[in-house]
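Trainee: In the order they appear, the protein sequences are chains A and B. Counting from 1, one number per residue, gives the positions in the first sequence under this note's numbering. Counting from 327, one number per residue, gives the positions in the second sequence under this note's numbering.
Don't read these hints as lab results, they were simulated from the structure.
Covered stretches of chain B, as calculated for chain A (at least 3 residues, CB under 8 Å):
1. 333–339
2. 420–432
3. 576–589
Each residue gets a CB set at the ideal place from its N, CA and C atoms; glycine is no exception.
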Amino acid sequence: MPPITIHAKDLSKTYKVPEREGGFGAAVQSFFKRKYKDVKAVQHVNFEIAQGEVVGFLGPNGAGKTTTLKMLSGLLHPTGGTSNVLGFTPWELKPEYLRSMTLVMGQRNRLSWDIPAADSFLLNQAIYRIPDDEYKETYKELDELLELEPLVKKPVRNLSLGERMKCEIAAGLFHRPKVLFLDEPTIGLDITGQARIREFLREYNKRTGATILLTSHYMADVTALCERIIIIHHGELKYDGGINDLSRKIAPFKLIGVRLAEVNSHDLTKYGTPVENEEDAEKQYIQVKAEDVTRVTSGLLADLPIHDITITDPPIEDVIEQAFNQ
Amino acid sequence: MLLIFQRLWQVNWAEQWQYRANLIMYLLYWLVSPIIYLAVWTSIANSKGDVNGFTANDFITYYMTLLIVDQITSNIVIHTFGYKIQDGSLSGELIRPIHPMLTNALVNNISFKGLTIMGLIPVWIVLFFLFKPDFSNVALSGVLISIPAMILGFFIGYLLSATITALAFWTTRVYSIHEFYYALILLFSGQFVPLTLMPKLIQEIAQYLPFQLLIYFPIQVILGKLSTAQITHGFTMAGIWLVISLTLFNWVWRNGVKRYSAVGA
Numbered sequence: 001m002p003p004i005t006i007h008a009k010d011l012s013k014t015y016k017v018p019e020r021e022g023g024f025g026a027a028v029q030s031f032f033k034r035k036y037k038d039v040k041a042v043q044h045v046n047f048e049i050a051q052g053e054v055v056g057f058l059g060p061n062g063a064g065k066t067t068t069l070k071m072l073s074g075l076l077h078p079t080g081g082t083s084n085v086l087g088f089t090p091w092e093l094k095p096e097y098l099r100s101m102t103l104v105m106g107q108r109n110r111l112s113w114d115i116p117a118a119d120s121f122l123l124n125q126a127i128y129r130i131p132d133d134e135y136k137e138t139y140k141e142l143d144e145l146l147e148l149e150p151l152v153k154k155p156v157r158n159l160s161l162g163e164r165m166k167c168e169i170a171a172g173l174f175h176r177p178k179v180l181f182l183d184e185p186t187i188g189l190d191i192t193g194q195a196r197i198r199e200f201l202r203e204y205n206k207r208t209g210a211t212i213l214l215t216s217h218y219m220a221d222v223t224a225l226c227e228r229i230i231i232i233h234h235g236e237l238k239y240d241g242g243i244n245d246l247s248r249k250i251a252p253f254k255l256i257g258v259r260l261a262e263v264n265s266h267d268l269t270k271y272g273t274p275v276e277n278e279e280d281a282e283k284q285y286i287q288v289k290a291e292d293v294t295r296v297t298s299g300l301l302a303d304l305p306i307h308d309i310t311i312t313d314p315p316i317e318d319v320i321e322q323a324f325n326q
Numbered sequence: 327m328l329l330i331f332q333r334l335w336q337v338n339w340a341e342q343w344q345y346r347a348n349l350i351m352y353l354l355y356w357l358v359s360p361i362i363y364l365a366v367w368t369s370i371a372n373s374k375g376d377v378n379g380f381t382a383n384d385f386i387t388y389y390m391t392l393l394i395v396d397q398i399t400s401n402i403v404i405h406t407f408g409y410k411i412q413d414g415s416l417s418g419e420l421i422r423p424i425h426p427m428l429t430n431a432l433v434n435n436i437s438f439k440g441l442t443i444m445g446l447i448p449v450w451i452v453l454f455f456l457f458k459p460d461f462s463n464v465a466l467s468g469v470l471i472s473i474p475a476m477i478l479g480f481f482i483g484y485l486l487s488a489t490i491t492a493l494a495f496w497t498t499r500v501y502s503i504h505e506f507y508y509a510l511i512l513l514f515s516g517q518f519v520p521l522t523l524m525p526k527l528i529q530e531i532a533q534y535l536p537f538q539l540l541i542y543f544p545i546q547v548i549l550g551k552l553s554t555a556q557i558t559h560g561f562t563m564a565g566i567w568l569v570i571s572l573t574l575f576n577w578v579w580r581n582g583v584k585r586y587s588a589v590g591a
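Bound conformation, chain A alone (with noise of 0.2 Å):
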């Protein structure tokens, strides 16, 4: 059994945010008196991440999930509760802990926004004490992965979002950390990227044996991914285990999107639950059975006029909020 490195115990966070109506009389007067409303964004929550899992970070938006991370890599001091990871207090932020981890969260955080990548890389390379030649070798390694030559002699600013995202994480990684956190890393990339940094990050849990903890709103990043995932929501923990017990639990849907010639024309009710989808007005949706979505199709086909037909997963909140909501 190997060592346990990650360890949240009891860990609750709980923002005091400033309220109040609108207009100008209740602006004078919470010059004079504030009110704060308590939002529990975390409450009581408990796991143990031994090294070198890759753990699946999963919630619906606002469910605690970044809030979490951020107490766990010490941006954060929480408001009850400890956390132990590698040893460390995280929120004590010692230099030690803080060069044994990565927290990769959004676009703006390890690089400099005027100035190109390579720069930025230059400097934690001096930050994290990296000897030179380990750097070099970590670059041709990232180089290979993320094909990042192209994007490093560039200003940051003039990259696109998935550009920015390879060299963020990029950035994250020369200095070979033991536990990462990483908050949505696919988000703004093409499916080859998203593809790309998958295989990356299990090729580096593999040789490294470091220890992944990641959120994702793509459902394809945890199953290629992740034996075990946790759920929050509401701040809390909801289920811990592996992946497949979870699909097991979750009866697992697909979705099927149809445009008819006439928008609307028929009823869908026979085929599969019919479910609201705002993405494309002019498809209808219906949600059936993975094992049924062959026989489904293929009725669908045969009784009615069909432009475009679509067959994907719901998305990770969907599936989520339909489990644990009732």
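On the provided structure of chain A, position chain B as indicated by the hints.
Mentor: Just chain B now, with coordinates in the frame of chain A:
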């Protein structure tokens, strides 16, 4: 550590060049008030012969020296760092194993200074030919002694401004506090008027405050106006204030970081 500062310098220096126009506007803004004081006091002294013993040349040399000293000892950390605490962009720097304000922001200020001093030189030369100051009292020894005085002044000023900036962890509007701080500087540093022309009481108070260490003390050292005892007193005060400002900053920073809310992504 040396390599870190070297690379920080490269990055910050390159960044400064991205904002040349902004830099020139800032320099012009910075120069306006000392040049106005210079012009006003010089014309008053010219019309009356002197002001409490200060001749026109005394004013000219004082303010011409002030332009340089102020450029070296001042800082803009409130403008370059305060917003990071408020909008959450500090996150990326906070999880790096170096102190955000004592390394990166510090180097950022020094590189900014490097550029503004380059911009100051031509302005200073023009003023020199315009006002024709008589610097014959300035001795090399005074200039040399002023160097450590200015370095100490810069660090004391930087740490005090950094402390005010770190108050952004509690209140999201620190600029008004800084305006108040700037008013104290104006009054007690010798920027508005040479301290010897101030009422006795203010002079007495100013002696023990840090603000004169940023401007008045280095100027007087350069112009050779101080006795050895006065210079010793100045350096003692600088040592004491360096310790006080460093302690104060560390305390505010340590407690502030606990309140950091890392808003945004």
